[in-house]
Amino acid sequence: GAGVSQSPSNKVTEKGKDVELRCDPISGHTALYWYRQSLGQGLEFLIYFQGNSAPDKSGLPSDRFSAERTGGSVSTLTIQRTQQEDSAVYLCASSPPTTSGGFFGPGTRLTVL
Amino acid sequence: AQSVTQPDIHITVSEGASLELRCNYSYGATPYLFWYVQSPGQGLQLLLKYFSGDTLVQGIKGFEAEFKRSQSSFNLRKPSVHWSDAAEYFCAVGAPYNFNKFYFGSGTKLNVKP
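Protein sequence lines, in the order shown, are assigned to chains A and B.
Count along the first sequence from 1, then add 1263; that gives the number in this note's numbering.
Count along the second sequence from 1, then add 142; that gives the number in this note's numbering.
Calculated directly from the structure, the hints in this document are not laboratory data.
All values reported here derive from a predicted model rather than from experimental measurement.
There's no promise every hint is true.
[Claimed, not checked] Within a straight-line C-alpha distance of at most 30 Å, the following computed DSS-like cross-link-like pairs (lysine-lysine) qualify:
{"id": "1", "chain 1": "B", "residue 1": "Lys255", "chain 2": "B", "residue 2": "Lys191"}
{"id": "2", "chain 1": "B", "residue 1": "Lys251", "chain 2": "A", "residue 2": "Lys1274"}
{"id": "3", "chain 1": "B", "residue 1": "Lys210", "chain 2": "B", "residue 2": "Lys251"}
{"id": "4", "chain 1": "B", "residue 1": "Lys191", "chain 2": "A", "residue 2": "Lys1320"}
{"id": "5", "chain 1": "B", "residue 1": "Lys191", "chain 2": "B", "residue 2": "Lys203"}
{"id": "6", "chain 1": "A", "residue 1": "Lys1274", "chain 2": "A", "residue 2": "Lys1320"}
Let the hints inform the model, and build the full structure from the sequences given.
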């Protein structure tokens, strides 16, 4: 597709379960970002990947959160032992290396019961 | 540290009226500034951005924004609002070493009256 895609679009899970959220960036975009949008905290930066450089993980809220990017393309955000406060919309964005203003995907709405 | 304030949580304007959404930022250097729009159920779409140069920047959908360093502001404007502009608008500042690492404001929800 032409845009950033994310799957699933909605995920409902029980507290304590692990979840994986997937992001397919725009082809050729070397930069990939994850953000979280929640009622209490607004839009927050989580993690950033740029090419083969070490990711910037400074926004991850706890060690239950991790992300990887395989082959410089698809990224997976994993949340272990989910908590109710993890309920949010998780947004992924990608961009070319020197271009500002990322292209955002539609997000994954995570609900932890 | 960078921060962004959008003082108006909700704004209602009549269709055809002018619009100004306020954004104030806290930043130690020349900021990278952005406005995004989020329609219901949609992802974020970039409206416009400012890096340097002309302080009045034009964006998509007839929007413009003016950077005022003395006021630490980057207000979004549109001369005539359309019903389709109803959405939530986010102002963001980019980190100095990574301009796509955004610090977002809390957003302003725009309602357009017929």
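Verification of the supplied hints:
no.: 1; hint: B:Lys255 <-> B:Lys191; in the structure: holds (28 Å)
no.: 2; hint: B:Lys251 <-> A:Lys1274; in the structure: holds (26 Å)
no.: 3; hint: B:Lys210 <-> B:Lys251; in the structure: holds (23 Å)
no.: 4; hint: B:Lys191 <-> A:Lys1320; in the structure: holds (25 Å)
no.: 5; hint: B:Lys191 <-> B:Lys203; in the structure: holds (14 Å)
no.: 6; hint: A:Lys1274 <-> A:Lys1320; in the structure: holds (23 Å)
Hint check: no violations occur; every hint is consistent with the structure.
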